[in-house]
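Protein sequences appear in the order of chains A and B.
When you line the first sequence up against the working numbering, it's residues 283 to 939, in that order.
When you line the second sequence up against the working numbering, it's residues 283 to 939, in that order.
Simulated from the structure, these hints should not be mistaken for lab results.
Some hints could be false.
For identical chains, the list gives no copy identity; a pair is met inside one copy or between any two copies.
[Claimed, not checked] Calculated cross-link-like contacts (lysine-lysine; reagent style DSSO-like; alpha-carbon spacing at most 30 Å):
(1) Lys872 to Lys445
(2) Lys887 to Lys445
(3) Lys462 to Lys887
(4) Lys726 to Lys671
(5) Lys346 to Lys671
(6) Lys887 to Lys838
(7) Lys838 to Lys714
(8) Lys918 to Lys338
(9) Lys918 to Lys887
(10) Lys445 to Lys671
2 protein chains.
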Amino acid sequence: MAEQARVLFTPSGRQGDVDLGTDLLSAARSLGVDLDSICGGRGICGRCQVQLGSSKAVARDDSKLSSPNLTESNYQGARPLKEGNRLGCQTQVHGDVVIAVPSDSQVHRQVVRKRPEVPDIDINPVVSLHYVEVDSGELGEASSDQRRLLDGLAEQWGLDSLKLDASVLADLQLSLAEGKGAVTVAVHDETDITAVWPGFHDRILGVAFDVGSTTIAGHLLDLESGDVLATHGEMNPQIRFGEDVMSRVSYAMMNDEGGSELTAAVRQALDSAIGALAHEAGANREDILEVVLVGNPIMHHLFLGLDPVPLGAAPFELATDQAVRIEASDLGLATHPLGRAYVLPCIAGHVGADAAAAMLSEAPHRSEAIQLLVDVGTNAEIVLGNSQKILSASSPTGPAFEGAQISSGQRAAPGAIERVRVDPATLEPRIKIIGGEHWSDEDKFFTEIERTPVTGICGSGIIEVIAELHLAGVIDEAGVIRGDIESDRIVADERTFAYVLWADPEILITQADVRAVQLAKAALYAGARLLMDHYGTATVDQIRLAGAFGNHIDPKYAMILGMIPDCELDSVSGAGNAAGSGAIMALLSKDARSEVEALVEQVEKIETATEPRFQEHFVAALGIPHETADYPNLSKVVELPERLGAGTARRRRGRRG
Amino acid sequence: MAEQARVLFTPSGRQGDVDLGTDLLSAARSLGVDLDSICGGRGICGRCQVQLGSSKAVARDDSKLSSPNLTESNYQGARPLKEGNRLGCQTQVHGDVVIAVPSDSQVHRQVVRKRPEVPDIDINPVVSLHYVEVDSGELGEASSDQRRLLDGLAEQWGLDSLKLDASVLADLQLSLAEGKGAVTVAVHDETDITAVWPGFHDRILGVAFDVGSTTIAGHLLDLESGDVLATHGEMNPQIRFGEDVMSRVSYAMMNDEGGSELTAAVRQALDSAIGALAHEAGANREDILEVVLVGNPIMHHLFLGLDPVPLGAAPFELATDQAVRIEASDLGLATHPLGRAYVLPCIAGHVGADAAAAMLSEAPHRSEAIQLLVDVGTNAEIVLGNSQKILSASSPTGPAFEGAQISSGQRAAPGAIERVRVDPATLEPRIKIIGGEHWSDEDKFFTEIERTPVTGICGSGIIEVIAELHLAGVIDEAGVIRGDIESDRIVADERTFAYVLWADPEILITQADVRAVQLAKAALYAGARLLMDHYGTATVDQIRLAGAFGNHIDPKYAMILGMIPDCELDSVSGAGNAAGSGAIMALLSKDARSEVEALVEQVEKIETATEPRFQEHFVAALGIPHETADYPNLSKVVELPERLGAGTARRRRGRRG
């Protein structure tokens with residue numbers, strides 16, 4: 283037996299005896315240490331960089347490793363050899379050593395996420411790269427390019443029983459010739475060879491899409507490093523067929539080829555987004571091997587070319603509630619010719635793949651605390667639970683929160699009023715618009731609106747103004763705008779009253795507006811309460827508001843209005859782009875895919891339409907909260923108005939704006 | 283326990299006790315009897331028709347079966363209920379009975395083949411149909427179209443863990459709506475749902491193609507019955523790029539986009555052949571779910587879009603030597619959108635998928651007798667063996683047998699001389715042309731050639747004329763045309779002599795022609811002998827000549843010329859369209875696919891180019907056989923000429939023609 287030495291790898295702590303002269307990559311593999319390599323130990327890829335370390339027992343001693351050989355000295359690979367690092371595959375053990383594996387030399391390195399409560403992502407994509415040097419065919423030896431490649435992968439990588447997609451054969455011929463027998467292959471799902479490049483290739487990219495009704499957001503990532511190379515957002519061109527999703531379903535229903543038009547529009551936008559992402563990153567579309575898509579059920583059906591009409595009427599039947607794996611080209615996306623697409627599963631007819639992605643990212647199933655995760659759109663997608671149990675439902679909020687059905691409402695866009703404060707004494711408002719940085723009581727505001735004039739009020743603005751008017755005593759607990767208050771700001775509007783928020787252009791908050799918001803927020807609240815009932819809890823520990831609107835809304839006002847249940851205000855927050863983050867996780871990690879698929883299966887789906895209690899909660903929630911008992915946490919920070927008696931007239935000063 | 287009765291099924295002989303009232307389809311299934319059903323026992327498909335039979339123990343007694351119920355009485359399904367037949371799924375057992383299952387009610391019914399030595403084909407295609415009635419979605423029940431379908435297939439057919447191709451989802455939505463929850467699905471490989479039709483659908487079709495260098499032959503089959511619905515042959519349009527395969531490889535090599543042009547040409551021809559087949563059968567392209575293709579290695583590579591150039595030079599490396607499974611649409615074939623194509627494996631660089639198919643059909647591996655299977659083209663593909671061992675090789679015969687490199691040679695086409703007899707006394711020839719029915723010594727011949735004039739001589743003609751001239755003593759054992767014979771038929775041709783076969787147009791058999799045929803036939807013979815050496819046998823028991831040329835050639839003349847080894851003449855025959863038959867087998871039976879794939883792996887591939895013995899055999903085979911010892915069997919029926927001495931002048935009469 284050859285003389286041996288002890289090698290200890292950190293941070294894994296794995297150690298063992300290896301023959302003197304063993305290279306560190308081989309040592310790591312034999313000891314089950316996670317050390318990366320694409321080139322299979324040929325000193326090409328630079329993935330197996332390690333450092334000489336030390337421990338209490340073993341001092342750092344350069345002589346215990348071989349000196350750099352020619353391959354290492356001349357190394358000029360894609361990943362530069364860092365100062366003090368050695369190429370594991372070229373460095374031999376000459377005595378007892380401690381070897382440190384830096385995190386970026388690990389196959390399963392992690393993407394560290396900023397929020398402590400969500401787990402880091404282990405990078406473990408469905409596609410991996412393998413460099414292989416293939417024996418040249420010899421006359422008289424029955425063989426084929428395919429067989430030689432498969433033999434090489436089995437010998438050099440231990441990858442047995444791989445399948446070669448027939449469409450790769452032509453590339454294989456060319457790559458073997460151009461690479462003189464050396465090629466890099468991409469392997470999907472550890473079973474399918476889906477791409478071949480001549481020689482050494484170490485770039486595989488992926489795109490994660492969150493397909494919203496309004497905005498399509500895409501991220502281009504390096505699947506090896508997990509780095510985001512580019513980000514791109516654009517309007518969903520389907521908007522020309524209808525602002526909200528239900529109007530698009532109507533368009534599909536009323537027009538023979540309506541569904542196909544909508545599908546073509548969104549696919550074209552996705553494809554052009556891929557082009558923009560690749561351009562921004564200076565990358566090649568052909569290097570994109572994976573695309574992940576999420577979206578609400580209607581978007582999901584439309585980009586998959588499925589009929590969305592069944593989602594518009596009971597029983598709100600999805601075509602599929604499972605993850606969809608399809609070739610990217612089948613979705614009209616130009617990536618690598620064999621690029622694949624993965625679509626996260628929808629949870630139910632109104633709870634989409636975006637909610638599934640948000641759930642994956644926010645990870646209520648990993649937390650002890652009970653989390654309420656809400657994505658507000660035309661339907662609110664609601665998820666509630668913790669590691670014990672997860673439930674989901676959707677509530678028919680309608681488009682009020684998106685600014686529709688509001689007299690001066692509009693989509694969140696530059697010029698829309700998004701923030702409102704009302705002086706309780708004078709009833710004078712201060713506003714802030716999207717695209718501006720100043721409040722209307724600052725002089726610079728008026729410079730701003732010369733550039734970006736006030737055009738209307740968006741969802742977060744309408745919520746704030748109603749909540750502020752409630753706190754100011756203008757709107758009572760029943761949602762009535764009180765006509766008995768003497769103020770220039772309160773004007774008669776047919777047989778009800780309206781609040782004059784802005785003069786030019788005139789932006790009124792009408793009684794009908796308040797009613798529309800009441801209906802919407804009561805639906806949302808009732809959905810959340812229904813899930814709490816099913817879970818068996820009277821309180822929630824955390825509330826996460828997902829989606830663009832969720833990030834925009836001030837949690838305090840949402841609570842004042844009674845949109846969401848009581849909760850410590852510190853524990854209510856926007857979930858950032860939770861759906862997008864979930865899509866990225868599914869792009870970087872096949873484990874994340876398994877996780878979300880299992881999770882969606884386990885979620886208890888509650889159908890609000892068939893639950894009598896939903897109606898009860900809904901009716902009870904139509905008013906605006908005033909009882910401290912219902913909102914103990916909110917009451918700590920906001921003084922909720924008393925039940926307002928009639929006839930309390932107050933006089934106010936004139937108005938401005 | 284319920285009262286039981288004994289049911290015996292013939293011809294399987296399976297029997298068992300079932301509860302009274304059990305229907306015959308259920309009884310058959312519980313006893314493992316092969317009884318077909320597409321509709322799952324709903325009295326729709328008419329596949330489970332059975333007859334009341336009798337045995338020694340059990341007399342035929344109508345009262346032991348239930349009377350026809352309404353479903354049976356009103357049955358109007360696709361497959362008519364034959365006189366005396368009962369619908370198995372509707373007929374209940376009322377007492378001990380013998381039930382006969384007709385062969386066309388069996389799932390694995392057989393296609394009986396005409397030749398006794400080859401096995402019948404069990405119909406067992408990779409795709410099967412299943413009618414299923416899917417629960418309608420109910421509000422409040424979390425589900426999806428996909429889930430309801432999969433649940434239905436699991437419950438009604440016991441098909442678990444099926445995968446649904448994402449491209450089927452849109453069809454599934456439409457079909458469920460149109461079929462009011464009843465659909466028929468096609469399942470590929472027992473795992474993948476690849477098609478959905480509304481309601482009951484019982485037609486699935488497949489196409490088997492033999493892609494020859496000259497001719498593309500296609501057959502449209504009903505995959506349920508195994509019936510050939512249509513047959514279509516057309517010229518391979520690649521011919522415009524070169525008559526023989528090597529000239530097409532040259533075209534691909536010399537022209538940048540040459541390979542793509544050749545690929546596009548053959549794919550277009552295949553697609554139009556599918557159109558013609560569907561039209562002839564009154565069938566719908568969309569009902570075609572499977573296409574099987576075979577061809578020589580060059581054709582194989584070209585229709586798959588692979589570069590054929592590596593096949594033109596050592597080491598003659600195939601891109602793949604395994605069976606190829608690909609979507610039909612990837613080959614540019616318009617079938618069902620998810621129709622699939624299966625390409626049989628090539629055996630080696632010069633021994634193609636056509637040889638593999640011929641081997642499957644001729645089944646040497648199932649026979650005790652040693653079979654030599656030869657397909658003559660520009661390369662002869664040769665297979666030799668029996669149940670003990672199979673070997674293959676190719677011989678570079680060149681295109682002489684296809685009429686090329688022959689002074690008056692031409693492809694086998696109307697007007698080509700295909701049969702020749704030479705009177706040994708007068709040296710006067712008789713000829714017969716393709717497209718004609720009479721010999722040239724019959725008066726009607728001259729009427730024929732007014733319509734179809736003589737244009738040249740094809741492969742079988744050149745073989746016959748040289749063999750006949752050899753028997754007549756005009757060509758000696760070295761292949762020399764003897765100038766010392768006095769005859770108007772023998773003329774000087776530069777420094778050699780030629781035989782005047784025809785006057786108008788003048789068709790000479792020149793010394794160069796004889797040399798070209800000698801080279802070709804010696805290569806073929808040497809290949810066969812090399813395999814015999816490797817096998818370790820001095821004789822073969824059967825010779826099968828495959829391909830168009832093989833069917834055309836007279837085995838006796840092939841043997842006289844020494845193309846093939848000695849064999850009893852009765853045991854030498856054309857193999858019909860063996861490659862096409864093999865393709866049909868692979869279309870109808872997945873077992874046939876497994877069989878041919880295993881077989882190709884087992885074949886011992888002999889490379890003639892690296893075998894010194896091949897050269898020895900080749901040189902030894904250049905002459906024309908004359909030794910009775912070498913051809914004992916041939917000598918029984920033909921008197922081989924003695925070794926011809928020089929200077930034996932004979933005078934002949936004048937010529938005619």
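Verification of the hints:
1. For the homomeric pair Lys872 and Lys445, the shortest alpha-carbon distances inside one copy (19 Å) and between copies (19 Å) are both at most 30 Å.
2. With identical chains, the CA atoms of Lys887 and Lys445 are at most 30 Å apart between copies only, with a shortest distance of 23 Å across copies and 38 Å within one.
3. Taking the closest pair of Cα atoms, Lys462 and Lys887 come within 30 Å of each other only across two copies (25 Å); inside a single copy the shortest separation is 56 Å, beyond that limit.
4. With identical chains, the CA atoms of Lys726 and Lys671 are never at most 30 Å apart, being 51 Å at best within one copy and 94 Å at best between copies.
5. Taking the closest pair of Cα atoms, Lys346 and Lys671 never come within 30 Å of each other, the shortest separation being 54 Å inside a single copy and 57 Å across copies.
6. Only within a single protomer do Lys887 and Lys838 lie at most 30 Å apart by alpha-carbon distance; the minimum there is 29 Å, versus 79 Å between protomers.
7. With identical chains, the CA atoms of Lys838 and Lys714 are at most 30 Å apart within one copy only, with a shortest distance of 17 Å there and 101 Å across copies.
8. With identical chains, the CA atoms of Lys918 and Lys338 are never at most 30 Å apart, being 55 Å at best within one copy and 95 Å at best between copies.
9. In this homomeric assembly, Lys918 and Lys887 never come within 30 Å of each other (Cα to Cα): the closest approach is 34 Å inside a single copy and 86 Å across copies.
10. Taking the shortest alpha-carbon separations for Lys445 and Lys671, only the inter-copy value of 28 Å comes in at or below 30 Å, while the best intra-copy value is 39 Å.
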